[in-house]
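In our numbering, the protein residues as written are 1 to 80.
Think of the hints as simulated: they come from the structure by calculation, not from any bench.
Hints may be right or wrong, so weigh each one.
Label-pair ranges, simulated between beta-carbon atoms [unchecked claim]: (1) Asp52 / Trp31: 21 to 27 Å; (2) Val13 / Trp44: 17 to 23 Å; (3) Trp9 / Phe33: 32 to 38 Å; (4) Gly6 / Phe33: 32 to 38 Å; (5) Asp25 / Phe48: 14 to 20 Å; (6) Ser10 / Phe42: 19 to 25 Å; (7) Trp9 / Glu29: 29 to 35 Å; (8) Val8 / Asp30: 31 to 37 Å; (9) Val41 / Ile20: 17 to 23 Å; (10) Ala17 / Val41: 14 to 20 Å; (11) Ala34 / Gly6: 34 to 40 Å; (12) Gly6 / Val41: 31 to 37 Å.
Don't be surprised by glycine CBs; every beta carbon is placed ideally from N, CA and C.
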Amino acid sequence: MLRRTGDVWSPAVPAAAILIAGLVDAAFEDWMFAVGYYLCVFFWSIAFILVDLHPAPQVVYSRDSSVPMYEPQFAAASGQ
Numbered sequence: 001m002l003r004r005t006g007d008v009w010s011p012a013v014p015a016a017a018i019l020i021a022g023l024v025d026a027a028f029e030d031w032m033f034a035v036g037y038y039l040c041v042f043f044w045s046i047a048f049i050l051v052d053l054h055p056a057p058q059v060v061y062s063r064d065s066s067v068p069m070y071e072p073q074f075a076a077a078s079g080q
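Given only the sequences and the hints, what does the whole structure look like? Please build it.
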């Protein structure tokens, strides 16, 4: 995300850092799968928030505005 947008002040940057730190810590402990444990709730909350903070893909416009017509009756109706 940071490489694509270049926005270092994006709220997704600290959220991603928290998730990476949580994954490293979860490699040594089992809190990630302990339902109701405060770190588990915090980790998964930040994970789902990060999905919403992810920037939308850019719209790419094509120079070619033609639409392929496979059925001859549709080609006749469009004036081609």
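So, going through the hints one by one against the coordinates:
Taken as a hint, the range 21 to 27 Å holds for the pair aspartate 52 and tryptophan 31, whose Cβ atoms sit roughly 24 Å apart. Distance hint check for valine 13 and tryptophan 44: the Cβ-Cβ separation is about 19 Å, which falls inside the suggested range of 17 to 23 Å. A hinted range of 32 to 38 Å holds for the C-beta pair tryptophan 9 and phenylalanine 33, which are about 33 Å apart. Against the hinted window of 32 to 38 Å, the Cβ-Cβ separation of glycine 6 and phenylalanine 33 comes to about 36 Å, which satisfies the hint.
At roughly 19 Å, the beta-carbon separation of aspartate 25 and phenylalanine 48 lies within the given 14 to 20 Å, and the hint holds. Evaluation of the 19 to 25 Å hint for serine 10 and phenylalanine 42 yields a pass: the beta carbon distance comes to about 20 Å. Between tryptophan 9 and glutamate 29 the C-beta distance comes to about 32 Å, which sits within the given range of 29 to 35 Å. Between valine 8 and aspartate 30 the C-beta distance comes to about 34 Å, which sits within the given range of 31 to 37 Å.
Between valine 41 and isoleucine 20, the C-beta spacing of about 18 Å keeps the proposed range 17 to 23 Å intact. About 18 Å separates the C-beta atoms of alanine 17 and valine 41, a value consistent with the hinted range of 14 to 20 Å. Checking the proposed 34 to 40 Å range against alanine 34 and glycine 6 shows it holds: the Cβ atoms sit about 38 Å from each other. About 32 Å separates the C-beta atoms of glycine 6 and valine 41, a value consistent with the hinted range of 31 to 37 Å.
In terms of the numbered hints stated before, the structure departs from none.
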